[in-house]
Structures are given as structure tokens and as C-alpha cells.
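Listed below are the residues making up each chain.
There are 2 protein chains.
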Amino acid sequence: MLAVTILGNNSAVPAHNRHPTSQIIQIQDHKFLVDCGEGTQMQMMAYKIRPGKINHIFISHLHGDHYFGLIGLLTTLGLNNRKHELTIYSPPFLQDIIELQFQAGDTRLPYPIHFTMLTDEGIIFQDKKVTVECFRVNHRIECWGFLFKEKKNIRKIDPQKVVEYNIPSSHFEMLQEGNHYVSPSNETILNELLTVPGNHASSYAYCADTGYFPQIAEKIKDVDLMYHESTYLHAFEKKAMERFHSTSRQAATVAKQANAKKLLLGHFSSIYENIEEFKTEASEIFENTECAIEGVCYIA
Amino acid sequence: MLAVTILGNNSAVPAHNRHPTSQIIQIQDHKFLVDCGEGTQMQMMAYKIRPGKINHIFISHLHGDHYFGLIGLLTTLGLNNRKHELTIYSPPFLQDIIELQFQAGDTRLPYPIHFTMLTDEGIIFQDKKVTVECFRVNHRIECWGFLFKEKKNIRKIDPQKVVEYNIPSSHFEMLQEGNHYVSPSNETILNELLTVPGNHASSYAYCADTGYFPQIAEKIKDVDLMYHESTYLHAFEKKAMERFHSTSRQAATVAKQANAKKLLLGHFSSIYENIEEFKTEASEIFENTECAIEGVCYIA
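Here the protein sequences line up with chains A and B, keeping their order. Residues in the first sequence are numbered from 135 upward in steps of one, following the numbering used here. Residues in the second sequence are numbered from 135 upward in steps of one, following the numbering used here.
Treat the hints loosely; a few may be bogus.
A pair counts as met if it fits within one copy or between any two copies, since identical chains are not told apart.
What the hints assert, rightly or not - The calculated lysine-lysine pairs, modelled on BS3-like cross-linking and capped at a C-alpha distance of 27 Å, are:
1) K372 <-> K263
2) K355 <-> K187
3) K290 <-> K182
4) K182 <-> K373
5) K395 <-> K413
6) K372 <-> K182
7) K217 <-> K285
8) K262 <-> K373
9) K413 <-> K217
10) K217 <-> K372
11) K262 <-> K353
12) K286 <-> K413
13) K286 <-> K182
No lab work stands behind these hints: they were computed from the structure. The structure presented is a predicted model; accordingly, all values stated were derived computationally and were not measured.
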């Protein structure tokens, strides 16, 4: 299971009580923060997200509506006397910006920050249960999407069957990986008799700010849940293209090409006070679409 | 008349639905912004302050709770297609911080920003009706207070009397400055016969973040309205001193020494969910005290 909580769904500027981009991804033992527009720490407070539990922050690009809230959050974590390391993944420059501001305020944090610069597509974080990959999208400045995946779950040992077939425990790991058991007398016992399937491994793709870029579909093929920006409705397709943003229909097209299970739209332009039409337009191309609403937790 | 609207009254971090420091000072034709903590542009929206009318921003010091909202506000002004110049007064470093962030986002503003570095105490802005002075306070890093004053109003011509005494209009300016009229036949007509007093010239002192620093009183003598930080109650006087902050009683003492007409307390620590006790403590020393409440407009 994987859960995405929306902290901001507006583009560029705060408006209509909508905030700039930020999301919390809860996956296995992790609470990841993706982007951190101005006011993110206030939004966390409003939705009872405890920032101390966040150990990894992913910043897609250095337009302000995706990171101006970071310096305030980092400062607050320090004032809360955080001690454990925080890792920040971002394009270059962010470390310089943050360090210059701490220098200006003569601020010394009580916890270490590890900055990781995004340079190549591929895995940027993994442990036994989870991988995070980054992939390039098509924006006016360097910009990255992130793909969060639970690792394919190993098969589960059936405890009654392994006793019944007298399987030595030294072979359990091999069974969990899906192999058959071959006994000393050369008898094969099929894996399916000894194990049951593990849980579904969930996945989530955050496609950041991007113009229409069908190459994204290959990177996130068969993803359970994807977030794709949809700054404009179809009528403003030309403006979207000029500004390296997408329309509702373009987001839906990428979701269809990716064979995603569900699409979340966000990053709505402030010209739209009402965002219902985004869902209507996108659903014509990709039915299982929702508009990302602040404070709502979406499950994959 | 002079009006101060509080946009943030909390210290260090946002808490209890209170925000970091920011204030709007309306004086004559001006709308000045003083400090700009994270979320200031959202607070302006909440309280219907139009940021396009602000042409001068005063930043007291470079602790984040006093300026982390500035970069977002400047960006929004650009997205709103502002064309006219904005002047920012601050300690050194701020220009570097702002420019680095615009460089990282490849952002080109459609309006010019003029950065003015605070170096000496004294007048930093004036026109025919208003002066703004800066003065040093006592904080962990370089920090400035600001004194906003209407210029002593010129006397008003009494239109009936100048006709009655047959005064040529070329002498009106001299009369407004308080001089008597001497006729060609060497007859003196007293100023008081020809003019009436102008309105009271109002003044406001923003004393920023500071430890107890009685020298402030001399700089702002007889001010109509003063804002003094009051991060802690009296019980935490030691902690206040260590952190270069003030208590309610210390703020009141400075107000008394300054012979101020009215005191506003603010910059409350997040350890206090309820702030009423601040007024109680301060009023014992300086009666005309109020706690600065967000969204409220205080008149001097």
C-alpha cells in the first residue's frame, strides 16, 4: 500500500485557498516529501503531518512554487531540535541557496543535511522494500519526475506445507524467490505447492511540471497511481505548450499511454477558480481520473 | 493618520494559527511592508491587502521568520506583471539571496528592484509628507528598527482671512511655514490671524527583534504607536536575554521610557497558545498596551 497526501495543488502562486505544490508519499516505513512550495509547513500543521518523520525530500525543479517553503521547513526542524540526518534530492543550486540563507542568519542546524544532486535517470534511493527512481520531464528549466515503487514482494512460505513436505528451512529463501524444491532423492516439489503469492507491490509516479511529453509513459509503464500536472484546460493548449505545461487532455493521454490504473491531476492555474472541468475533460480520454484536492490522501 | 495592519504576530515558527512577522504600514499615500515571513502573500490575500500598491519593503534582519516569504511575494508580483520599481531596504546579503534564487529558476522579473543596504542610523526614505528612519536594536545578528513619521503638518491657510487682509497668494507658502506677513507699508499681520493649525503628524516605531535595549527609547521619543517584540512572559526573562529577545515587562518599560502613547506587543513564542497574559503583565508598567492580533488594523 502506498498513500499520497496532497498539500498543494495550485500552480505558480497561491490562489482560491489553493497552495503551491507539495505532496507527502507514505510507502512502507517511509514518509517522503515531494516538492515544498511556500506554506508547506503550515499545510503540514493543518493536515496533522509530523515533519520530524520525513527523512527524504525530493525537489523536482527550482521554480519557486516547488521549493520556496523548504528553507522555512528546514529551519523549523532545527528549532524542533531534530538530530537525525535529512537527505534532499534536487537539481544543482539548491544547496547553494540553502547554505547562503543559513549563513546570512548565522543559523547552525542541530541535524545534518545531505544534498544529493540529480544527474542521471534511474534509482536514487532504495532499501529492502522500496525504490525511488528519477526521470527527466520537459520543462523550461531542468526538471525531474519521481517514481516510487514497493519492491516486488517475495512469495510467502506456507508454514503447514513446508512441514508436510519436510522442506529444510535453509531452502526457504530460495522458495520465497519463486524456485521449486528439489529433494536429495531428486524429486521436484513445485513452488506453488509450498508458497502463496506476496502482496501487490504498489507504485506511484510524480510527473512534476512538464509540457506534453509522451516519453514519460515508457518510464512509468503500468504504474498504479500517477500524478500529472494539468495547468490548463484544453482550450489553452497553445499557452500550455509555450509555457512547458500540460492540459487535462494531455495528462490523460500520457496516463493512457502508460497504462496507469489511476490519474491525479494537479498544478491548476489560478485563472480557474473552479477545477471540476479538468476531471470532465480528462475522463473522456482516461476514465479513472481525479483532481488532486488538498488534504486528501489518495491510495495506490 | 497612520495605520498598522498585522499580518503575522508569532516568533520563529508558525503555530496556533499565528504566522511569522509581517506588517503593513499605511501612511499618507504610502503602503509600506515591514518584514515578510513565510506565508505573507497568503496573509495579504486573507486580509485583502493588494501587494501591487507596495513600493517600499523594509526588512529588519535576516532571520527566516522575517524574510522567507519575500522571494515568493517578489515572484508573484512578477507573475502579476508589475512594471513599477520596488525598493527593498535590508541588511547585506539579502540581494545575493534573492538574485541567486532568480538565477536558479531562470526568472526575469518585469519590474526593477532597487536594493538599499542599511548601514547607518537615520533617514532612509522621505518625501514631502513622510520620513522613514532606521535605528539599531540589540539582536543576535545585525537588526534594525524603523520609525515612520508624518512630517509636521504645515499650517493651513484660512481662505476668508487672506482675502479680508488682502494677502497676495505668492506669500501663502511662507504663511504655511508659520511666518508672519509684512505688508508693503511695513504693517505686520500675525500668522495666527491668517492660518489655522495643520493636523497632528502621526508616528509609528517598529522595534523589530531585540533584547531589552533602553537606548531605543531615545530614538523614538514621544512616538504615537510603537510595536515592541515580546517573545516571552516575565518568568522567562533569563531565556529572553540569552536569545536577544524581550519580555512583556521589558517592552512596556521601553514604551514608558519613550513616552509612547500606545504599545503593541508581538512576536509571541510558540510555547504560548494563549497570549492574553502578555497584555496583563505589560499593562502593570505601561497601561495603554495591546497584543498585536493578525488581521487587525491599529491606528496611530
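Hint check:
{"no.": "1", "hint": "K372 <-> K263", "in the structure": "neither (42 Å within a copy, 49 Å between copies)"}
{"no.": "2", "hint": "K355 <-> K187", "in the structure": "neither (30 Å within a copy, 49 Å between copies)"}
{"no.": "3", "hint": "K290 <-> K182", "in the structure": "neither (34 Å within a copy, 59 Å between copies)"}
{"no.": "4", "hint": "K182 <-> K373", "in the structure": "neither (37 Å within a copy, 29 Å between copies)"}
{"no.": "5", "hint": "K395 <-> K413", "in the structure": "within (15 Å within a copy, 57 Å between copies)"}
{"no.": "6", "hint": "K372 <-> K182", "in the structure": "neither (39 Å within a copy, 33 Å between copies)"}
{"no.": "7", "hint": "K217 <-> K285", "in the structure": "neither (29 Å within a copy, 52 Å between copies)"}
{"no.": "8", "hint": "K262 <-> K373", "in the structure": "neither (44 Å within a copy, 46 Å between copies)"}
{"no.": "9", "hint": "K413 <-> K217", "in the structure": "neither (43 Å within a copy, 36 Å between copies)"}
{"no.": "10", "hint": "K217 <-> K372", "in the structure": "between (48 Å within a copy, 25 Å between copies)"}
{"no.": "11", "hint": "K262 <-> K353", "in the structure": "within (22 Å within a copy, 63 Å between copies)"}
{"no.": "12", "hint": "K286 <-> K413", "in the structure": "neither (31 Å within a copy, 60 Å between copies)"}
{"no.": "13", "hint": "K286 <-> K182", "in the structure": "neither (31 Å within a copy, 52 Å between copies)"}
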